[in-house]
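Protein sequence lines correspond, in order, to chains A and B.
Just so you know, we're using my numbering here: the first sequence kicks off at 3 and counts up by one.
Just so you know, we're using my numbering here: the second sequence kicks off at 7 and counts up by one.
Honestly, the hints are just simulated from the structure, not real lab data.
In this text, a Cβ means the ideal position worked out from N, Cα and C, and glycines have one as well.
You may find that some hints are simply not true.
Okay, derived cross-link-like pairs now, DMTMM-like style, lysine to aspartate or glutamate, Cα gap no bigger than 20 Å in a straight line [stated by the list, open to error]:
id, chain 1, residue 1, chain 2, residue 2
1, B, K401, A, E15
2, A, K144, A, D27
3, A, K82, A, D43
4, B, K401, A, D4
5, B, K24, A, D105
6, B, K292, B, E62
Have a look at the derived ranges for each label pair, beta carbon to beta carbon [said to hold, decoys possible]:
id, chain 1, residue 1, chain 2, residue 2, range
7, A, E86, B, C46, 38 to 48 Å
8, A, D4, B, E155, 46 to 56 Å
9, A, S39, B, E189, 32 to 42 Å
10, B, E341, A, T45, 18 to 28 Å
11, A, C29, B, E308, 31 to 41 Å
12, A, K82, B, G253, 51 to 61 Å
13, B, E367, A, G103, 36 to 46 Å
To list a few chain B residues with every Cβ distance to chain A over 12 Å, as calculated [said to hold, decoys possible]:
id, residue
14, A67
15, G83
16, N150
17, G233
18, I259
19, A329
20, M370
21, K389
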Amino acid sequence: MDLRSLYNQVITEKSRSNEHRHPVDDCTCSLEGVNPSCGDDITLQLRVKDGVIEDVGFMGAGCAISQASTALMIDILKGKTVAEAKELIDVFFGMIKGEIGEDDERLELLEDAAALKGIAHTPARVKCAVLAWHTMEEALDK
Amino acid sequence: MLDVRKDFPILQVPEAGKRLIYLDTAATAQRPNRVIEAICEYYKSDNANPHRGVYELGARATERTDSARHTVAQFVGADDEEIVFTQNTTESVNLVAYTWGMANINAGDDICVYVAEHHSNMVPWQRVAKRTGARVVYMYPDENGVLTEEEMRRKISRRTKIVCCAMVSNVLGIKIDEKALIERAHSVGAKVLLDCAQSIPHFRHDFHAIGCDFAVFSGHKLYGPMGIGVLYGRKALLDAMEPFLSGGDMIGIVTEDGATWAETPRKFEAGTRNVEGEVGLEAAIKYLDSLGWENIEAHERELVNYCLAGMKKLPHIEIYGNAPERYGVISFNVEDVHPHDVASILDADGVCVRAGHHCAEPLMRRLGIGRCSRASFGIYNTKEDVDVFLNSLGKIREFMGYGS
Numbered sequence: 003m004d005l006r007s008l009y010n011q012v013i014t015e016k017s018r019s020n021e022h023r024h025p026v027d028d029c030t031c032s033l034e035g036v037n038p039s040c041g042d043d044i045t046l047q048l049r050v051k052d053g054v055i056e057d058v059g060f061m062g063a064g065c066a067i068s069q070a071s072t073a074l075m076i077d078i079l080k081g082k083t084v085a086e087a088k089e090l091i092d093v094f095f096g097m098i099k100g101e102i103g104e105d106d107e108r109l110e111l112l113e114d115a116a117a118l119k120g121i122a123h124t125p126a127r128v129k130c131a132v133l134a135w136h137t138m139e140e141a142l143d144k
Numbered sequence: 007m008l009d010v011r012k013d014f015p016i017l018q019v020p021e022a023g024k025r026l027i028y029l030d031t032a033a034t035a036q037r038p039n040r041v042i043e044a045i046c047e048y049y050k051s052d053n054a055n056p057h058r059g060v061y062e063l064g065a066r067a068t069e070r071t072d073s074a075r076h077t078v079a080q081f082v083g084a085d086d087e088e089i090v091f092t093q094n095t096t097e098s099v100n101l102v103a104y105t106w107g108m109a110n111i112n113a114g115d116d117i118c119v120y121v122a123e124h125h126s127n128m129v130p131w132q133r134v135a136k137r138t139g140a141r142v143v144y145m146y147p148d149e150n151g152v153l154t155e156e157e158m159r160r161k162i163s164r165r166t167k168i169v170c171c172a173m174v175s176n177v178l179g180i181k182i183d184e185k186a187l188i189e190r191a192h193s194v195g196a197k198v199l200l201d202c203a204q205s206i207p208h209f210r211h212d213f214h215a216i217g218c219d220f221a222v223f224s225g226h227k228l229y230g231p232m233g234i235g236v237l238y239g240r241k242a243l244l245d246a247m248e249p250f251l252s253g254g255d256m257i258g259i260v261t262e263d264g265a266t267w268a269e270t271p272r273k274f275e276a277g278t279r280n281v282e283g284e285v286g287l288e289a290a291i292k293y294l295d296s297l298g299w300e301n302i303e304a305h306e307r308e309l310v311n312y313c314l315a316g317m318k319k320l321p322h323i324e325i326y327g328n329a330p331e332r333y334g335v336i337s338f339n340v341e342d343v344h345p346h347d348v349a350s351i352l353d354a355d356g357v358c359v360r361a362g363h364h365c366a367e368p369l370m371r372r373l374g375i376g377r378c379s380r381a382s383f384g385i386y387n388t389k390e391d392v393d394v395f396l397n398s399l400g401k402i403r404e405f406m407g408y409g410s
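Model the full assembly from the supplied sequences, consistent with the hints where possible.
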């Protein structure tokens, strides 16, 4: 395994970023996501108004992959409509499962979150990468 | 130092092109050729359902299981009838909890459990407490990770019915003072169950001499197969206990109205057993005996001390537990880096370590860390393994984008 494809610069930097690490004012949904086996534990807070995700923040702790993935997800989903967000979440899962190839243009939709594509080759860490996205999917369905 | 790496076929195969540095023996050991061959040999020449066949082959299968029990009994200083084969440590604890525990523990009693226990020696007791109305009282380690006599005296009281404690913690690697523990427990009339899963691969045990009432361990941490475990119980205690699982092979006579039980230990061994596991465990014990236990102890002590000394020279590494008697495991954290990232980065250098809560969540909370990484050692590890580990460990923070 090429370790840098997993821990590339985007991921190591994002894992330490505090930009989205805050509670959300007037949040309409707050949801906790946990990986019991490894202890990744995040709480997402969203404010959705008229079908638009106005603000997202998170709190919690976990490995670099889970923390970077959360921050990267918020980067692209903030400001999107719920329908757009769900589509992007599907693209992300497709990338992680390896169903969307490296040169597929849909990867561009994920912007910097495409930096997590190396996870597809590291089955043991998939659950770290998808935690925030599953939690978001569940929150949007509420 | 021992030179037995060659006896373990899995260690001869490179992982992702690199020498496999297996530092997760506390989770499960690798198996030597002798164990693998013994299992094959059993199926090639002796397999039948023991205690049933009248024919010669069936008798051979029965001999194999009897022989395995005898070898285990000799190995741990017990009588053959005091050895019950189970699936693993967890089943052994559950057997005691649900038979002896449910019959002897009542509302108002205490079950005294060391907080450093693996969940397997904690959760069954929590369930017994809930069903009986008893209370679980926890003993805590001091700041060095040591269970002191003072703490034993404080927590083990006349209300205590049983004390459940690991001989060696799977996180701290520190051995308890089992003599003091048993003396205190017996002085108030409590029984003692020792979880020896983490201690049995590292030094010889003599359960009669130790004086514990119950002891449990798994075959797979002792270089034997998975799916075979041992419960040792004092004969009089086992005789007085009801069966755990019931059905085939554990009965005396069955009528439409009910059944009587086979003699100890077979009344605890319902159904067709894991004979290949028993045979493999016997082979593992004979293999370890042939290496010599002084040699095993000396080898592991030297490795652990060598590794500890190297780790202490590295900055930003925190090591948990501090006691002269440390067996087989070193738990640690790298500052600012999550243990799962530590394990992934080490893995890229061919080094396998465990990361997480190690099935000891209450201890993790007590240590205030939640998670950590754990390097654990076996007879096949070498100083070369430790050097690769230390070199890889020293690069982690820089790799993750920290200054050093």
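Here is how each hint holds up against the structure:
1. With a C-alpha separation of about 17 Å, the suggested pair K401 (chain B) and E15 (chain A) falls inside the 20 Å cut-off, and the hint holds.
2. Between K144 (chain A) and D27 (chain A) the CA atoms are separated by roughly 18 Å; this keeps the pair inside 20 Å, and the hint holds.
3. In summary, the hint linking K82 (chain A) to D43 (chain A) is not supported, as the alpha carbons are separated by about 25 Å, beyond the 20 Å threshold.
4. Between the alpha carbons of K401 (chain B) and D4 (chain A) the distance comes to roughly 16 Å, so the proposed pair stays at or under 20 Å and holds.
5. For the hint pairing K24 (chain B) with D105 (chain A), the CA-to-CA distance comes to about 30 Å; that exceeds 20 Å, so the pair is violated.
6. For the hint pairing K292 (chain B) with E62 (chain B), the CA-to-CA distance comes to about 26 Å; that exceeds 20 Å, so the pair is violated.
7. Between E86 (chain A) and C46 (chain B) the beta carbon distance is about 59 Å. The supplied range of 38 to 48 Å is therefore violated.
8. Separated by about 53 Å at the C-beta atoms, D4 (chain A) and E155 (chain B) satisfy the suggested range of 46 to 56 Å.
9. Remark: the range hint 32 to 42 Å for S39 (chain A) to E189 (chain B) is upheld by a beta-carbon distance near 39 Å.
10. Range check, E341 (chain B) to T45 (chain A): about 25 Å between beta-carbon atoms, so the 18 to 28 Å window is met.
11. A beta carbon spacing of about 57 Å between C29 (chain A) and E308 (chain B) contradicts the range 31 to 41 Å that was offered as a hint.
12. Distance hint for K82 (chain A) and G253 (chain B): a CB-CB separation of about 59 Å, consistent with the stated range 51 to 61 Å.
13. Taking 36 to 46 Å as the suggested C-beta distance range, the pair E367 (chain B) and G103 (chain A) conforms, at roughly 40 Å.
14. With a least beta-carbon separation of about 39 Å from chain A, A67 (chain B) lies farther than 12 Å from that chain, consistent with its non-interface assignment.
15. The Cβ of G83 (chain B) sits about 37 Å from the closest Cβ of chain A, beyond the 12 Å cut-off, so the non-interface label holds.
16. In this structure N150 (chain B) is separated from chain A by more than 12 Å, as the shortest Cβ-Cβ distance comes to about 25 Å.
17. The Cβ of G233 (chain B) sits about 21 Å from the closest Cβ of chain A, beyond the 12 Å cut-off, so the non-interface label holds.
18. Every Cβ of chain A is farther than 12 Å from the Cβ of I259 (chain B); the closest lies at roughly 47 Å, confirming the non-interface assignment.
19. The claim that A329 (chain B) lies off the interface holds: its Cβ sits roughly 26 Å from the closest Cβ of chain A, which is beyond the 12 Å cut-off.
20. For M370 (chain B), the condition that its CB be more than 12 Å from all CB atoms of chain A is violated, with the nearest at approximately 9 Å.
21. Here K389 (chain B) stays apart from chain A, with its beta-carbon at least about 25 Å from theirs, past the 12 Å limit.
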